[in-house]
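**Q** Since the structure of chain A is provided, determine the placement of chain B on it from the hints.
Number of protein chains: 2
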Amino acid sequence: MSKQSAVEPPVLGGDDAVAPCCPPLTAGELSAQDAERMAAMFKALSDPVRLRLFSKVASHPGGEACVCDIADVGVSQPTVSHHLKKLREAGLLTSERRGTWVYYAVAPAVVAAMSAMLDLRTTD
Amino acid sequence: MSKQSAVEPPVLGGDDAVAPCCPPLTAGELSAQDAERMAAMFKALSDPVRLRLFSKVASHPGGEACVCDIADVGVSQPTVSHHLKKLREAGLLTSERRGTWVYYAVAPAVVAAMSAMLDLRTTD
Numbered sequence: 001m002s003k004q005s006a007v008e009p010p011v012l013g014g015d016d017a018v019a020p021c022c023p024p025l026t027a028g029e030l031s032a033q034d035a036e037r038m039a040a041m042f043k044a045l046s047d048p049v050r051l052r053l054f055s056k057v058a059s060h061p062g063g064e065a066c067v068c069d070i071a072d073v074g075v076s077q078p079t080v081s082h083h084l085k086k087l088r089e090a091g092l093l094t095s096e097r098r099g100t101w102v103y104y105a106v107a108p109a110v111v112a113a114m115s116a117m118l119d120l121r122t123t124d
Numbered sequence: 001m002s003k004q005s006a007v008e009p010p011v012l013g014g015d016d017a018v019a020p021c022c023p024p025l026t027a028g029e030l031s032a033q034d035a036e037r038m039a040a041m042f043k044a045l046s047d048p049v050r051l052r053l054f055s056k057v058a059s060h061p062g063g064e065a066c067v068c069d070i071a072d073v074g075v076s077q078p079t080v081s082h083h084l085k086k087l088r089e090a091g092l093l094t095s096e097r098r099g100t101w102v103y104y105a106v107a108p109a110v111v112a113a114m115s116a117m118l119d120l121r122t123t124d
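Respectively, the protein sequence lines represent chains A and B. In terms of the UniProt record's numbering, the first sequence opens at residue 1 and continues consecutively. In terms of the UniProt record's numbering, the second sequence opens at residue 1 and continues consecutively.
The shape of chain A in the complex, shown without the other chains (with noise of 0.2 Å):
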């Protein structure tokens, strides 16, 4: 069990804040700590299917997809089903049961704080 959940998502404030953990990686050097945590997130995103995934629920119209429409991806449905549930556990997907389906929606505060980091603008 340990090894299923051992990343936690991030902390986050609320559905807008952007996640304490991500200062952009310009802003200083990363802490262990943080590393660990910010590293998860993007292998999350570092799978070419779970990529494209992401991208059907992110695409969807009101970020929200139901399973039924999202896996066709060219792989099993216990492979999709583990790549859903990878996207989950990073904090990148939420998921709810409605009825027969499960939808899953972007996590947007999370998504926002890996944007955030990758913003390497500065005023300089």
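Be careful, since some hints might not be right.
[Said to hold, decoys possible] No farther apart than 20 Å at their CA atoms in a straight line, the calculated lysine to aspartate or glutamate pairs in the DMTMM-like style are these:
1) B:LYS56 <-> A:GLU96
2) A:LYS56 <-> A:GLU89
3) A:LYS56 <-> B:GLU29
4) B:LYS56 <-> A:ASP119
5) A:LYS56 <-> B:ASP119
6) B:LYS43 <-> A:ASP119
7) B:LYS43 <-> A:ASP69
8) A:LYS85 <-> A:ASP69
9) A:LYS43 <-> B:ASP34
10) A:LYS56 <-> B:GLU36
11) B:LYS86 <-> B:GLU96
12) A:LYS56 <-> B:GLU96
13) B:LYS56 <-> A:GLU36
14) A:LYS86 <-> A:GLU64
15) A:LYS86 <-> A:GLU96
16) B:LYS43 <-> A:GLU89
What the hints contain is simulated information worked out from the structure, not anything from laboratory work. Only a predicted model underlies this, so the values are computations on that prediction, with no experimental measurement involved.
**A** Here is chain B on its own, set in the frame of chain A:
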């Protein structure tokens, strides 16, 4: 050899251009080819030590650092070299030898492209 350099950096129009490979993830479904390319960039940042090295370069004055300035991340010099090579192969860092030392610099266009991919703001 082919194993080491399977991933090509994205094609860029110039230092300030955003890689044409990298639409925001909300823009639509990713092609399999774009997903491969983008996943490789995220993979480069999916290791905590690599992320710390990248952050050290990015936060160094001028966005450039000598390998002698950044090697203190608690791993051996060959491991540092290995990680810097991976970041270079993914297109996130550039390198230049000057005298004894190799200097690494952030490739701002590639990093900006990654940030833009994760910019999920919509106009609605």
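**Q** Hint by hint, note whether the structure agrees.
**A** Tested hints:
1. B:LYS56 <-> A:GLU96: violated, 39 Å
2. A:LYS56 <-> A:GLU89: holds, 18 Å
3. A:LYS56 <-> B:GLU29: holds, 5 Å
4. B:LYS56 <-> A:ASP119: holds, 15 Å
5. A:LYS56 <-> B:ASP119: holds, 15 Å
6. B:LYS43 <-> A:ASP119: Given pair LYS43 (chain B), ASP119 (chain A) holds - Cα atoms ~18 Å apart, limit 20 Å.
7. B:LYS43 <-> A:ASP69: Violated. LYS43 (chain B) to ASP69 (chain A) sits at ~26 Å, over the 20 Å cutoff.
8. A:LYS85 <-> A:ASP69: Given that 20 Å is the threshold and the Cα spacing comes to 16 Å, the pair holds.
9. A:LYS43 <-> B:ASP34: holds, 17 Å
10. A:LYS56 <-> B:GLU36: Measuring from Cα to Cα gives roughly 15 Å; hence the hint holds.
11. B:LYS86 <-> B:GLU96: Holds: LYS86 (chain B) and GLU96 (chain B) sit about 15 Å apart, inside 20 Å.
12. A:LYS56 <-> B:GLU96: Distance ~39 Å between LYS56 (chain A) and GLU96 (chain B) Cα, so the pair is violated.
13. B:LYS56 <-> A:GLU36: Holds: LYS56 (chain B) and GLU36 (chain A) sit about 15 Å apart, inside 20 Å.
14. A:LYS86 <-> A:GLU64: It holds: about 17 Å lies between the C-alpha atoms, which stays within 20 Å.
15. A:LYS86 <-> A:GLU96: holds, 15 Å
16. B:LYS43 <-> A:GLU89: holds, 17 Å
Hint compliance for this structure: hints 1, 7 and 12 are broken, all remaining hints hold.
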